[in-house]
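Listed below are the residues making up each chain.
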Amino acid sequence: MRQWSKPEIRSALVEIFSVVLEISEGEVSDDLSPDTSRNWDSLRHIHICTAIDETFGTALDISKQVEILTFDLAVETVAEELGAE
Amino acid sequence: MTGADQTPPDLTELRASVREAPRLMTYLKVQKALASRPARPRKVAVISSFTVRPLDPYLRVEAELSGWRVDPVFTEYSLWQQALLEPDESAEAVMLLLHADELLGAGAAPEAAAETASDLLLSVLAGFRSRSSAPIVIARFPTPVWARAAAFGSGASAARAVRTLNGAIERFVADNPLAYAIELPPMAANGRAAVDTEGLVRSISPIAAAAAPSVAERIARALSGFFRPRRKLLITDLDNTLWPGVVGEAGSDGIALAGEWPGEAHRQLQRAMRELASSGILLAINSKNNEADARAVFDRPDMVLRWDDFAARRINWTDKAENIADMARELSLGVDSFVFLDDSPIECARVRSAFPEIEVVQLPAEPDQFIDALLDCRGFDTLSVTSEDRLRAEGVKAERQRVAVAATAGDLTGFLSSLDLRIEIRPCDDEVIERVHQLLNKTNQFHLTLERPGLATLAERRSGLRAVTLKDRFGDYGAIGALEVDRAGDEFRLRNLAVSCRALGRRVEETALAFAVEQARQAGATVLSTCLVRGPRNAPAWEFVERSGFSRDSHGDETQGQRFCMDVAGAAPGYPAEVSVVRSDGESALANIGS
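Heads up: the sequence lines are chains F and S, in that order.
234 is the number of the first residue of the first sequence in the numbering used here; add one for each residue after it.
1424 is the number of the first residue of the second sequence in the numbering used here; add one for each residue after it.
The hints are simulated quantities; they were obtained by calculation from the structure and are not laboratory data.
A few of these clues could be false.
[As the list claims (entries may be wrong)] With the C-beta cut set under 8 Å, the calculated list includes, among others, these residues of chain S facing chain F:
#1 Arg1446
#2 Leu1451
#3 Lys1452
#4 Arg1476
#5 Pro1477
#6 Pro1724
#7 Met1726
#8 Val1727
For each residue, glycine too, the CB sits at the ideal point set by N, CA and C.
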């Protein structure tokens, strides 16, 4: 099982958010949220969670999925799930 | 993977990337890369009792890989009944996915629930069909995983309930044109359970992410037959493809086929090809060999395919791409309708380079993967096979006989008279509507308007549509013409005419025109008009109209529609002398009546 560092998690998530939300990597900021991103709707949220599970080997349950309200929270949620520092 | 602003995306590369990494991120990247390909989006109503929306990017990519572009519109949950009873008129096809658990409920009597649910389903489907002529594809109900606990389930009540529901689907499909049923692959992450129960609970989607690619592929391939032409010819190699080994070295007796491995794998591949042939796909051989050596193998009793099963054969030492060009001329087929199968990566690369439009299948080294390689080929996918498709191989043989007769005939009139041509003009009923759709959408050379109407549109315009069939003493061409007439004010219109290129010169177009003239007169019209659109290949249609007695309107735009008129009150074209014509009501029109 691969060990992820937090910077690696952040980098992988930047790519995920960029691809799923169809924005440039430069537009992925910590406070990116459904309120600030036009493309972040419920379908894209499902896709973000799917991409997270496939990339990191996680299986985020619904309580964790709904915590991902911003990009920064996505980083924190995944890091906590993986026990990364 | 190339981006949208670079060279056009290589479909082979993109297909390989989704196969190697069938994950959402791959599909999203491939979807972006494919966006630059020019294609007309086809609107498909995806109606389901559970959420299918997350399938969107997978479905879009798999459709592109099948040669068409989908514009899916999703209707989910309890709105499925409303979506069927108030169908979207602009949808060109419908895909219906229902979950058995919702229809059966959780009660203790699933069989009784199934009877009620079947009645409901049939009623809703009948309501759909009365309001929409769009093709509908229905996913059969899988047996729920919990029902399989009763050993193999055939006697268990839940399994019987699901059979009842599926029986309702089969009855609807049997009784209605343009209705089809398909199996979906398992939707659970473990690849075994039919639905992903965890997913169903967490996000109301019973399709696990791991299963999404295969489910999307099945749906995209099932629908593809409505939106892109089916390929017509499978060209196969011989050595290490149809049989193991090299006949030039081993001799025909040295080829180990029946009862041997991998000989039996090659025989199975031959069976798969024969199955394709029975659905209307032509077979051809392209092999570097001495013909006599190869022919000897076909005489063996353990060969599945026979020498005469092939519409064309190039067994020589010529470059395979040159052979393919030659076969295209011989069979009067475009190379974009070909699939090429060969075990040699060099030959495959050669053909890909010479003809990028050919679908190339390289036979894998592992014999147990032979059939998978053929199944992965999407060019032959279709849900419906018309009787014309099945007649195609016979048609090639008959054409050879006609060519032989033409070589000895005197003039054209004498030749045509000797063929005993019989043309029938028949209504566009359920039996022929799919063939009429095929003709209007695939014909390029003899097509007046280049309009490509969908099946739903054609069904609505059925009353003015006719199918034109042709037989001669050598065989049955099947339906080779699609004709549409209608009334527009005081004028009678030849709204469209498309004739298959293999039937041109057999007086089909003249007969169709004579029919339109006859219909115009019967309707009391004095003018027959038509409107032509100029395309890159339909010069034969223009030449026919211009020499048939029509006058061109002085104001007209060939690319938008050039109007032509003919006075039918006086002399006008009649039925050709060399043909006997039957109209659908059984009335026989002898030659020259109406001229």
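(message) Restraint: proline 1724 (chain S) near chain F, CB-CB cut 8 Å. Satisfied or not?
(response) violated, 52 Å
(request) May I ask you to test the interface hint for valine 1727 (chain S) with respect to chain F, counting a Cβ-Cβ separation under 8 Å as satisfied? (result) At 43 Å from the nearest chain F Cβ, valine 1727 (chain S) fails the 8 Å test, so the hint is violated.
(request) Using Cβ atoms only, decide whether proline 1477 (chain S) comes closer than 8 Å to chain F, and label the hint accordingly. (result) holds, 5 Å
(message) Can you verify the interface hint for arginine 1476 (chain S): is its Cβ closer than 8 Å to any Cβ in chain F?
(response) Holds: closest Cβ of chain F sits about 5 Å from arginine 1476 (chain S), inside 8 Å.
(message) Quick check on leucine 1451 (chain S) please, does its C-beta sit within 8 Å of some C-beta on chain F?
(response) Since chain F brings a Cβ to about 5 Å from leucine 1451 (chain S), closer than 8 Å, the hint holds.
(request) Please verify that hint: methionine 1726 (chain S), Cβ, nearest Cβ of chain F, below 8 Å or not. (result) violated, 47 Å
(message) Take the shortest C-beta to C-beta distance between arginine 1446 (chain S) and chain F; is it under 8 Å?
(response) holds, 5 Å
(request) With chain F as the partner, please determine if lysine 1452 (chain S) meets the hint condition of a C-beta pair closer than 8 Å. (result) Cβ of lysine 1452 (chain S) sits 6 Å from chain F, so the hint holds.
Of the numbered hints stated above, those contradicted by the structure are hints 6, 7, 8, listed in ascending order.
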